[in-house]
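Chains D and E are the protein sequences, given in the same order.
The numbering of the first sequence is this note's numbering, which starts it at 1 and goes up by one.
The numbering of the second sequence is this note's numbering, which starts it at 1001 and goes up by one.
Hints were generated in silico from the structure; no laboratory data involved.
Heads up, a few of these hints could be off.
Not the full set, but computed from the structure, chain D residues with beta-carbon under 8 angstroms of chain E [claimed, not checked]:
| hint | residue |
| --- | --- |
| 1 | V43 |
| 2 | I63 |
| 3 | Y116 |
| 4 | F142 |
| 5 | L276 |
Listed next, with one range per pair, are the computed distances between beta-carbon atoms [unchecked claim]:
| hint | chain 1 | residue 1 | chain 2 | residue 2 | range |
| --- | --- | --- | --- | --- | --- |
| 6 | D | V72 | E | G1246 | 38 to 44 angstroms |
| 7 | E | F1055 | D | I277 | 49 to 55 angstroms |
| 8 | E | D1187 | D | A29 | 27 to 33 angstroms |
| 9 | D | G255 | E | I1152 | 20 to 26 angstroms |
Treat the numbers as computed from the prediction; the structure is a model and nothing was measured.
Glycine included, each C-beta is placed from N, C-alpha and C at the ideal position.
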Amino acid sequence: MALLTRTEQHTSAAPSQPGQPPGSLVRSAVFWIFLLVLALVFVGPIVWMFLTSIKTNPEATSIPPTILPDNVTFGAYEDLLHVGGSYPVLRWFLNSLVAATLHMLLVLTVASTAAYALARLEFKLRGLFFVVIISTLFVPGFVFLLPNYIIIDRLGWLDTIWALVVPGAAGAFGVFFLRQFFAMLPGELEEAALIDGANQWQIFTRVVLPNSKPALATLAVLSFLSNWNDFIWPIYVLFSPERLTLPAGLRLLQGAYTTDYPVMMAGAFIASVPVLILFLFTQRYVIEGVSRSGLKG
Amino acid sequence: MASSPPRIRRYAPWTPYAFMAPFLLIFLTFVGFPAVMGLWISLHDWDYMLEAKPFVGFDNYLVLFDSSSAAFEMFWNGMRATGIFTVASVPFLVAIPLALAVLLNRRFKGRTFFRAVFFMPYVLGVAVVGLLFRFILDPNIGIVNGLTGWSIPWITAQPWAWISLVAMTVWWTLGFNTVIYIAGLQDIPTELYDAAKVDGASAWQQFRHVTLPGMRMVMIFVVTITVLASANMFGQADLVTNGGPGDSTRTALMVFLDEGLGAFRMGSAAAMSYLLAVVLGLVSIINVLAMRERRRPKWRS
Chain D
1 MALLTRTEQH TSAAPSQPGQ PPGSLVRSAV FWIFLLVLAL VFVGPIVWMF LTSIKTNPEA
61 TSIPPTILPD NVTFGAYEDL LHVGGSYPVL RWFLNSLVAA TLHMLLVLTV ASTAAYALAR
121 LEFKLRGLFF VVIISTLFVP GFVFLLPNYI IIDRLGWLDT IWALVVPGAA GAFGVFFLRQ
181 FFAMLPGELE EAALIDGANQ WQIFTRVVLP NSKPALATLA VLSFLSNWND FIWPIYVLFS
241 PERLTLPAGL RLLQGAYTTD YPVMMAGAFI ASVPVLILFL FTQRYVIEGV SRSGLKG
Chain E
1001 MASSPPRIRR YAPWTPYAFM APFLLIFLTF VGFPAVMGLW ISLHDWDYML EAKPFVGFDN
1061 YLVLFDSSSA AFEMFWNGMR ATGIFTVASV PFLVAIPLAL AVLLNRRFKG RTFFRAVFFM
1121 PYVLGVAVVG LLFRFILDPN IGIVNGLTGW SIPWITAQPW AWISLVAMTV WWTLGFNTVI
1181 YIAGLQDIPT ELYDAAKVDG ASAWQQFRHV TLPGMRMVMI FVVTITVLAS ANMFGQADLV
1241 TNGGPGDSTR TALMVFLDEG LGAFRMGSAA AMSYLLAVVL GLVSIINVLA MRERRRPKWR
1301 S
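Construct all of the structure, not just a fragment, from the sequences and the given hints.
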């Protein structure tokens, strides 16, 4: 438990140093107005996306623009979501959901087992594995695109969900992130388990994993998000309209509907809602993961 | 490696390898092997559609330095676009998040909330951000021109297209660097600020002489990853400007992907990707060397 609190302290407001709480009334007012205006700049476009999606197309493209819709309509959503429509957005949504979920589970499985070996077991090739895995952090991802396309083709995985789930699962970040966490767990826990006759697999599943929930949650959310949002890879390895993920589908939608803005904004909003909700509930973990990516660098 | 292995070692010699196996299988197939295979491809005239893939030595690379070739023109035009975008976006993506991080590092109610708000766009995919800004910045019906009464060709003329791509990228990814900076700020010992205050340092002097030196390693990291991220720009230009106006925003990554996965001239495309990777590697090294600390702050040593 001591370990859990250690990471939590990191995310939740640790005492901060510079500047006292805003001093005079004027300075305080300026500070808050500035912050609120800035927040509006960040939230505004997302709200605009939703507002546009519930307008009629003539209203969405009218000059001057109306901020709130005169006639609220969910026509764009009906267009996109009804089964048998010209753009199977519901299918894209499910494809994205299944691919991102499977990818997340695969990342958690392979990263946690490998991280366990690297953090808590001794073996000859440990140092070598570690260096090789870390060194790939310095190779830009686009170098792997072409060869992986050929490999995916040879495996018969082009235009299938496996092309989305498997290739990115052996990322260095996940292993490194979990290894750091596992290495901090006190050795007494597993020694107690060893005395009770537990083998390494039992120590891994019953001692190490249950004590690493925050780290696992962070990796789960980050890998889900990156897979859900992935753009370049799906637009090249998927072809059939019914097999696309949402990002690849949105690109198709933009090509086809260049003038129907409520439909495009509805599509974009459908792709945003799951990640916004996920972020709402797990922002602590997301921000924790991102912060730590900086500290180790 | 600071791990503390258990003193009692009760496992078979192959146990660690069994734990490593699933990761290694995927790693070797989709990371290790492709890295080597890419080099191999780049040394061949590897047309995906043709059976024969003759060995051509370094021809695919040499062609990129031969100003009379078609690939030369295309590739360096892409490199120029990538260079312009990187140079234009990195200063904003390094400086604005730093200012925001200092602001959010003050103690006030709701700072966790604001941190989340500024980070929020980052969780959206580039496809969403691209579609959204294509609409917002539309010269005719976009809300930016609509509300201001301007008629700026945000997407269809330069330098507006670059300004648009940089601005939307700042909006989209600024929270990422901000969060890294905030973590870095929290690592600077409070005593340093107390000491500076005792010496009568102003807020600016504290920032200049305590915050900046204390953040040097974090800033090197942020600059490096931001340069790499900007040099990888693809989706924004693909969705918002479609490489235009003309070919002015057709980035190196767009050129390389068109060549490799559009035209399937993979040998030439692989050479482009390795050349781009080498250039990025050199830029990163120069960055780190230029920013490395001459004197380490005492509390860091």
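Check the structure against each numbered hint from earlier and tell me which ones fail, lowest number first. none
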